[in-house]
Amino acid sequence: MSAKEYRTASAARGGLLTVIDAPRVAFGDRVAIRDHHGALRNGQVIRSAEKEVLIQIFEGTDDLDLESTWVRFLDQPLEVALSPELLGRIFNGIGEPKDGRPPIVSSLKRAISGSAINPAARTYPREFIQTGVSTIDGLNALVRGQKLPIFSASGLPHNRLAAQIVRQAKLVDEESSFSVVFAAMGVSYADAQFFKDVFSSSGVLGNVVMYINQADDPPVERLALPRAALTAAEYLAFDLDRHVLVVMTDMTNYAEALREVATAKGDVPSRKGYPGYLYSDLAEIYERSGRIRDRHGSITLVPVVSMPSDDITHPIPDLTGYITEGQIVLSRELHNQGIYPPVHISPSLSRLMKDGIGKDDTREDHPRVANQLYAMYAKAQETRNLASIIGAEELSEQDRRYLEFADQFDKQFVGQEEDEDRSIIETLNLAWELLSMFPKAELTRVSETDLAKYHRSGD
Amino acid sequence: MIQKSSERNKQGVIREINGPIVTIRLPGVRNSEQVLIGDLRLVGEVIALQGEEAIVQAYESTDGVRPGEPVETLGKPLSVELGPGLLGGIFDGVQRPLEALFETSGDHISRGVAPPALDRERAWRFVPDPELAPGMRLERGARIGTVQETKTIEHRILTPPNLSGELMELAPEGDYKLDRCVGRLKGDDGVTHRLYLYHNWPVRLPRPYRQRDHSQKPLITGQRILDTFFPLVKGGKGAVPGPFGAGKTVVQQQIARWSNADIVIYVGCGERGNELVDVLETFPTLQDPYTGRMLMERTLLVANTSNMPVVAREASIYVGLTMAEYYRDQGYDVVMLADSTSRWAEALREVSGRLGQMPVEDGYPAYLASRLAAMYERAGRVVTFLGDKGSVTLIGAVSPPGGDFSEPVTAHTKEIIQTFWALSKELADARHYPSVDWVGSFSDHVNTVARWWHDEVSPHWKRRREQALALLARDAELSRIVNLVGPEALSSAQRWELEGAALIKEGVLQQNALDAVDTFASPKKQFLLLEMMLTIYDKGAGLISLGVPVQELRGLEFMSRARRAKQTYDSDQTEELEAMIKEISDEFARIRVEYTKFQEHAH
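Sequence lines, in order, name chains P and Y. With positions in the first sequence counted from 1, the corresponding number in the working numbering is that position plus 31. With positions in the second sequence counted from 1, the corresponding number in the working numbering is that position plus 3.
Please keep in mind that the hints were generated in silico from the structure rather than gathered at the bench. Every residue, glycine too, gets a C-beta built ideally from N, C-alpha and C. Check the hints yourself; a few may be wrong.
Said to hold, decoys possible - For the chain P half of the interface with chain Y, some residues (derived, Cβ under 7 Å), not all of them:
hint, residue
1, P115
2, P150
3, P188
To be verified - List of simulated lysine-lysine pairs, DSSO-like, C-alpha gap at most 30 Å:
hint, chain 1, residue 1, chain 2, residue 2
4, Y, K392, Y, K154
5, P, K410, Y, K542
6, Y, K417, P, K471
7, P, K410, Y, K508
8, Y, K428, P, K303
9, P, K303, Y, K417
10, Y, K585, P, K471
11, Y, K154, Y, K189
12, Y, K508, Y, K465
13, P, K82, Y, K13
14, Y, K508, Y, K417
15, P, K385, Y, K428
16, Y, K180, Y, K392
Whenever a hint applies, use it, and build me the whole structure from the sequences.
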C-alpha cells in the first residue's frame, strides 16, 4: 500500500475525478480520497495514462474542491472480504457494513470484478425449482443456475412477487433451502424496508446477505454493488457449496447510473444515450450465475428490470432479454383487474424449462400441458379481440368456450394469493381442470395417454 | 510455421489503459500484429498506428495493468492452428482450447495463459500420399498425406496455401505428434521449410482457392419451413434475425444437428454460457443422422460468451471462418453458424466508441456495412487447389434491438445474404415454432434447388410449395376480414381456405424440436406432409362447391390424425404417409359419391 497522497486533482465532475502527475497506477485499482472535511471516499481507476488518471468516486464528487482533495492509490483491486459471517449482514455497494456492526474480517479477499466462467467448466442447469407460483412453475419453470428476470414497470407488484419467490423457492426432493443474496440499487427506503421485513418475518434473515444502495445514496456506488453481491454469491455457492438465490432490484437504476458515468466520461452514446458497452456490462453481471462442474452449489439469478414507460423494447429490458434465459413479464392490464401476480404469459418464457420438467422432474405430462395451455390461451386472446369488435353475443359456442377459458385461466391459474404456495402437482391438476373445459378432440398438443389419464370428462 | 525466425521481437512500453484499449509506444510495429501486454503478458492486437504510438485492443481484461509496463511484439497477426484435433474441440474467441484451460486454470478463465490450440501430446497416424516422392514439385495447398481424424472425417494434410516448391523429404507412415516434422520442402523462395501435420493461418486473411464453383445443391436441414419454403444452398449465405425469445438459438441448433454438411462449426459469439453448455452436453449424445456416428465428431465449437472479453468476441467469427475454410480446402461441405452477428457488430461498435471514432447509425462505425459484407463473402462453394469441391455455408443469427428489422445490422445483412429466415415474436408468443415468418422471409435459391427437388423428391414440389404459400397469403387476407366483421361474413369456400391454411401451419410448418420423431424430416417426408395437407384442402374444396358444409369436413376423423402425422411417422415411414394420403383421397371420394346420391335422392 502506498502511503503517499497526491494533491494534484485537476478536474472533478459527474462522479469522476482526474488526477495528474500520478505514479503509474494500475487500471481498475482502488483509490482512497480524503476531502476537505477529512472524510474518506472510495474510488476506482477507470483510465490510466502516464500523466493522468481518471477515477470514479463511489460517493460522488459533490462538495469536493481541487486544492484540498488528497488522493491515495491503494495498489490493490476493488475487493471484498469473504467469510461465512456474511450471512445475516447488510452492506453498501462496496461491501462496507450498513448495519452498524463491524466490518467482516477475513484473510480471504476477492476482486469484485470477477472473471468469466470457462464455458467448458459449466454444467447445464436442469433441477426444477418449485416457486409455488403457477404461472412460473407450470409455464415458465425456473431451474437451479438459471437467470430469469422479472420485467415489470412502475406501480406493478414485482417486489412482492420477488419476495414470494424468495420465501417459497425450494427443490422438490430436497430439504435444503436457498441462501439469499439480495442486491438493491437505487430503491426507495420503503422498498428496502419491505424486503428486510419479508426476510425477518419468514425467518430466513440468518441466511440472507443484503447489499443495499437506496435512492438517495450515491449513484456511482450502484456500479459496484451487483459485482460485490455476486462475489459474495460466488463464495457462498462455490466455496461453501450452498444453493444461492440472488435477487437484484432494480437493474434499470443500475443501467442509468452506468449511463450517467459514461456520459461524464465522454463515451460515445448509442441507443437512448446508453453507452455501446451496456450489453457487455450487463452480461458481466448476469453471466456470473450458473452451475459449475463438480461443484455442489449454484447461483440462480432473479433480477428485476422495470421497463421505462412499459416499453419492452427499451434498451435495458431488450439487452437483458438477450442475455438472460427467458423473462417473466408483468402486465398492467392484469394488475388493474386485481389479479396477482399479474404475469402476462404470452411474452414470458423460460429457456431452460425444457430440461427441468417432465417425467423424472415434475410429471410426465408437464411439457405438453404447458404447450397446450399456451396454445389455448393464444387462441383465446384472438377470440377476445374478436369479441371486443363484434360483441360476445355474435360468437359461436366454440368461441364462447375460449372466452370462458381465458377468464377462468386469468382468475384461477394466474391469480393466487401472496402466501399461496402451490405444489407443482396442484398447478398441473389445476391446468387440467381448465383444459377439461374443452372436448378431447380440441386438445391436439397433449398425447392420447395424457387425455385418458387427466382429462376430466366422463368418456 | 511460416514465421521468419530472423525477425527479432520488438519491445515497447505502455502509455495508457482505457478498458480493453491500450495505447503503447513501440516504433516499427505493424498494424494487426499481435503483442504481449504488460507483466501479465496479455495478448492483444494492434488496430491503429499514430507516429510512434500504436493502439492495441486486448483480448483479455486489462485490470491491474499499469502505464510503463513493457510490451513485446509477436511478429505475426492473429492466427489459428489448423490441423488434426480440431473436431470435437471447444475453443474460445482466439482459439484457446477451453478444456485444456479448465485443466490448467480451473473454473474461471485466468489471464495470460495461452496453451496451444491443438494437443501437442497426441499422436496421429499419418499416411503419406503414395504418389509423392522426393524431388516432385508441390503446388500451394497440396496434399502430402492423410490422418483419420474421426471415424468419418479423413483429415487431408495440406501444405500452407502460400507455400510451393520442391518436396525434399516425406516421412513414412507412422504415428506423429504435431510438432514432429513430417517433411521438408524447398520453397520457391529458396528457403527450406519444414512441414508438420498442422500449419498456421492469419484469421483476417481469407484462405485462397483455385476458383469459385457455381454448381449448387440444397443444404438439407430437416426443418420443413427452411428446406421446403425458404431453401439455402451449400455455400450460401443465410441470416436468422429475430427478437429475443423468438427461438433463434433453437433454429441454429437444429441446423447444427441435422444439416447434411460434413462439418459444422458453431460460433457462440457473445451469447449465453448455459446455452453453449447445452450444446456441449447434448451433442456428444446425439447421432449424426447421415453417418450414424456421434454428432460431436463432425462438430467444433467456438465459444465466446457474452461475459468474455469483447475484443475476442470480434475475433471469434474470423477464427471460426478460417477453420471452416480449412476444411473446405480439404474438399468438405462446412456449415458455419455465427450466433450472433449482432454481438459481433456491437463489439465493433464498442471498440470504435472507445477510439472516439465518429458514429454513423445507432452508434455503429461507418465501416459496419463493408465489414459485414466482407465477412459473409468468405462463404461460398469453391474448387480447391486439390481440384476438389468444398463449401462454406455461413448462417448468421441477428439479434435486432427491440425486434426492429430496420436497425443497421439487420438492414445491412439483408442486402448481403440470399436466404432470410425472419423470426416473429407473434408466432413465438403463440408457441408456433419454429417461428419463421412466411411473410417476412425470402430465399433467392428457390429456382436453383427446384431442379434438385424435381429429380430427387417429386416433380410437383415447386407447384405445391407455391400453392401452400398462396394459401397462407389468402389466410392473412381473410383473417383481417374476420377480425373486422367476424367469421360469419365468410363464405364456405373462404372458411375452408382458412382451414387449409391452418392445416399447413399445424401439419407442416410447426415442427417440434423436442419431439424425437418430429425434430427431423427428410425431404421426402417434408413433401408428403405438404402433399397430404394440400390433398385434404383440394378434395375438400371440391366437396364444398357441391354444398357439403365446412363443419362436416372439419369433423372428419382423419383431420386431427393428419395434423399429428408429422409426429406419428418418422422419415423412414414414407410408405405409411403415402398410404394415408391414399386413404384420405378414398374417403373424400366416398363422401363425394354418398353426397351426390343423397342429393339425387332429395330431388
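* Asked: Are K410 (chain P) and K508 (chain Y) close enough, with their CA atoms no more than 30 Å apart?
  -> Holds - the C-alpha atoms of K508 (chain Y) and K410 (chain P) are around 14 Å apart, at most 30 Å.
* Can the hint on P115 (chain P) be confirmed by a CB-to-CB distance to chain Y that is less than 7 Å? -> P115 (chain P) check fails; min Cβ-Cβ to chain Y is 20 Å, beyond 7 Å.
* Straight-line Cα separation of K508 (chain Y) and K465 (chain Y) no greater than 30 Å? -> With Cα atoms ~18 Å apart, K508 (chain Y) and K465 (chain Y) stay inside 30 Å; holds.
* **Proposed proximity, K154 (chain Y) with K392 (chain Y) (alpha carbon, max 30 Å)** => 21 Å, holds
* Straight-line alpha-carbon gap K410 (chain P) to K542 (chain Y), limit 30 Å -> 27 Å, holds
* To do: Hold the hint about P188 (chain P) up to the distance rule: shortest CB distance to chain Y must be less than 7 Å.
  => 23 Å, violated
* Asked: Going straight from one Cα to the other, do K428 (chain Y) and K303 (chain P) come out at no more than 30 Å?
  -> Given that 30 Å is the threshold and the Cα spacing comes to 23 Å, the pair holds.
* Is it true that the CA of K585 (chain Y) sits at most 30 Å from the CA of K471 (chain P)? -> 27 Å, holds
* Hey, K180 (chain Y) versus K392 (chain Y), does the alpha-carbon distance stay inside 30 Å? -> 29 Å, holds
* Asked: Does K417 (chain Y) lie within 30 Å of K508 (chain Y) when you go C-alpha to C-alpha?
  -> Satisfied, since the Cα-Cα distance of roughly 25 Å is no more than 30 Å.
* Going straight from one Cα to the other, do K303 (chain P) and K417 (chain Y) come out at no more than 30 Å? -> At roughly 25 Å apart (the allowed maximum being 30 Å), K417 (chain Y) and K303 (chain P) satisfy the hint.
* Taken at face value, is the distance from the CA of K428 (chain Y) to the CA of K385 (chain P) at most 30 Å? -> Status holds; Cα separation ~19 Å.
Hints 1, 3, 6 and 11, counting from the list given before, are not met by this structure.
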